[in-house]
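Undergrad: We have chain A; now place chain B onto it with these hints.
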Amino acid sequence: NAGVTQTPKFRILKIGQSMTLQCTQDMNHNYMYWYRQDPGMGLKLIYYSVGAGITDKGEVPNGYNVSRSTTEDFPLRLELAAPSQTSVYFCASSYLRSSSGNTIYFGEGSWLTVV
Amino acid sequence: AQTVTQSQPEMSVQEAETVTLSCTYDTSESDYYLFWYKQPPSRQMILVIRQEAYKQQNATENRFSVNFQKAAKSFSLKISDSQLGDAAMYFCAYKGGSEKLVFGKGTKLTVNP
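Chains A and B are the protein sequences, given in the same order. FYI, in the working numbering the residues of the first sequence are 5 to 119. FYI, in the working numbering the residues of the second sequence are 23 to 135.
Isolated chain A, as found in the complex (with noise of 0.2 Å):
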């Protein structure tokens, strides 16, 4: 059971480029998250999903997209990177409220520089 899988773990990007960071998920959840976290800070959402096909706007969503075609995979698209996108990345997961606790389970990261 892999869990949360994030790829790519690390990237370096140049200033207007665009790339998508990969997020899977092989628990059936139907929640799935993307947060990001700058030094010596907390998380900070950027954009969530409560299912296939619906997903909506979080605290920082400025600068991404977001699209959510399958209940496994939730990627994350920056458009035109910018230094202030600088961070780490991490995608999670969780069931709808249920006896399995509510747990929100994170993928390992994905450390961004944009430059």
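Mixed in with the good hints there might be a few duds.
No more than 30 Å apart at the CA atoms, straight line, and that leaves these computed lysine-lysine pairs for DSS-like [to be verified]:
| # | chain 1 | residue 1 | chain 2 | residue 2 |
| --- | --- | --- | --- | --- |
| 1 | A | Lys13 | B | Lys127 |
| 2 | B | Lys127 | A | Lys18 |
| 3 | B | Lys130 | B | Lys100 |
| 4 | A | Lys48 | B | Lys77 |
| 5 | A | Lys61 | B | Lys100 |
| 6 | A | Lys48 | B | Lys95 |
| 7 | B | Lys77 | B | Lys100 |
| 8 | A | Lys13 | B | Lys77 |
| 9 | B | Lys130 | B | Lys77 |
| 10 | A | Lys48 | A | Lys18 |
| 11 | B | Lys92 | B | Lys122 |
| 12 | B | Lys77 | B | Lys122 |
| 13 | B | Lys130 | A | Lys13 |
| 14 | A | Lys48 | B | Lys130 |
| 15 | B | Lys127 | A | Lys48 |
| 16 | B | Lys122 | A | Lys61 |
| 17 | B | Lys95 | A | Lys61 |
| 18 | A | Lys18 | B | Lys95 |
| 19 | A | Lys48 | B | Lys100 |
| 20 | A | Lys48 | A | Lys13 |
| 21 | B | Lys92 | B | Lys130 |
| 22 | B | Lys92 | A | Lys18 |
| 23 | A | Lys18 | A | Lys61 |
Source of the hints: derived by calculation from the structure; they are not laboratory data. All values derive from a computational prediction rather than experimental measurement.
TA: For chain B alone, kept in the frame of chain A given last:
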């Protein structure tokens, strides 16, 4: 909107001693979940302990326990018999009806040998 506050940016403890990390939150909801996550230098987010708001009994996981005070909106984490491997950033988090996890800014815990 819900907020989570961790008032201690840094804490330190001697190995084998006990330390308590503080967390307060603000919400108008009655049904929610609270979590403590540990983040070592690898940046991996590791669930330490979870508390359901409707449960009066404080959650316990081995050396980790919480003091959940619902009326005061307080959710502190106690680490007993601290070990060197406990050194990390600790994040308090809230999850309510919106299903979004809201994090505090974290507390950096240092364990001294």
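Undergrad: Taking the hints in turn, state whether each one holds.
TA: We went through each hint and held it up to the structure:
The hinted pair formed by Lys13 of chain A and Lys127 of chain B meets the criterion: a straight-line CA distance of about 23 Å does not exceed 30 Å. At most 30 Å may separate the alpha-carbon atoms for a hinted pair to count; Lys127 of chain B and Lys18 of chain A meet this at roughly 29 Å. About 14 Å separates the Cα atoms of Lys130 of chain B and Lys100 of chain B, which keeps this hinted pair within 30 Å; it holds. A hinted pair counts as satisfied when its Cα atoms are at most 30 Å apart, and Lys48 of chain A with Lys77 of chain B qualifies at roughly 28 Å.
For the hint linking Lys61 of chain A to Lys100 of chain B, the alpha-carbon distance of about 34 Å lies beyond 30 Å, and the restraint is violated. Of the pairs offered as hints, the one joining Lys48 of chain A and Lys95 of chain B holds, with about 21 Å between alpha carbons and a cut-off of 30 Å not exceeded. With a C-alpha separation of about 18 Å, the suggested pairing of Lys77 of chain B with Lys100 of chain B holds against the 30 Å cut-off. Of the supplied pair hints, the one linking Lys13 of chain A and Lys77 of chain B is violated, its CA atoms being roughly 38 Å apart against a limit of 30 Å.
Among the hinted pairs, Lys130 of chain B with Lys77 of chain B is consistent with the structure: their alpha-carbon atoms are about 28 Å apart, no more than 30 Å. For the hint linking Lys48 of chain A to Lys18 of chain A, the alpha-carbon distance of about 23 Å falls within 30 Å, and the restraint holds. Between Lys92 of chain B and Lys122 of chain B the alpha-carbon distance is near 20 Å, which keeps this suggested pair within the 30 Å criterion. Distance restraint check for Lys77 of chain B and Lys122 of chain B: the Cα-Cα separation of roughly 20 Å lies within the 30 Å cut-off, and the hinted pair is therefore satisfied.
For the suggested pair Lys130 of chain B and Lys13 of chain A, the alpha carbons sit about 24 Å apart, so the restraint of at most 30 Å is met. The suggested pairing of Lys48 of chain A with Lys130 of chain B holds, with an alpha-carbon distance near 18 Å, which does not exceed 30 Å. Simply put, Lys127 of chain B and Lys48 of chain A have alpha-carbon atoms about 10 Å apart, close enough for the 30 Å limit, and the pair holds. The suggested pairing of Lys122 of chain B with Lys61 of chain A holds, with an alpha-carbon distance near 11 Å, which does not exceed 30 Å.
For the suggested pair Lys95 of chain B and Lys61 of chain A, the alpha carbons sit about 27 Å apart, so the restraint of at most 30 Å is met. Under the criterion of a C-alpha separation no larger than 30 Å, the hint pairing Lys18 of chain A with Lys95 of chain B is inconsistent with the structure, at around 44 Å. With a C-alpha separation of about 25 Å, the suggested pairing of Lys48 of chain A with Lys100 of chain B holds against the 30 Å cut-off. At roughly 19 Å between alpha-carbon atoms, Lys48 of chain A and Lys13 of chain A fall within 30 Å of each other, so this suggested pair holds.
Of the supplied pair hints, the one linking Lys92 of chain B and Lys130 of chain B holds, its CA atoms being roughly 25 Å apart against a limit of 30 Å. As the CA atoms of Lys92 of chain B and Lys18 of chain A are separated by approximately 47 Å, the hinted pair breaks the 30 Å bound. Taking the CA atoms of Lys18 of chain A and Lys61 of chain A, the gap is near 25 Å; set against the 30 Å cutoff, the hint holds.
The earlier numbered hints that this structure contradicts are 5, 8, 18 and 22.
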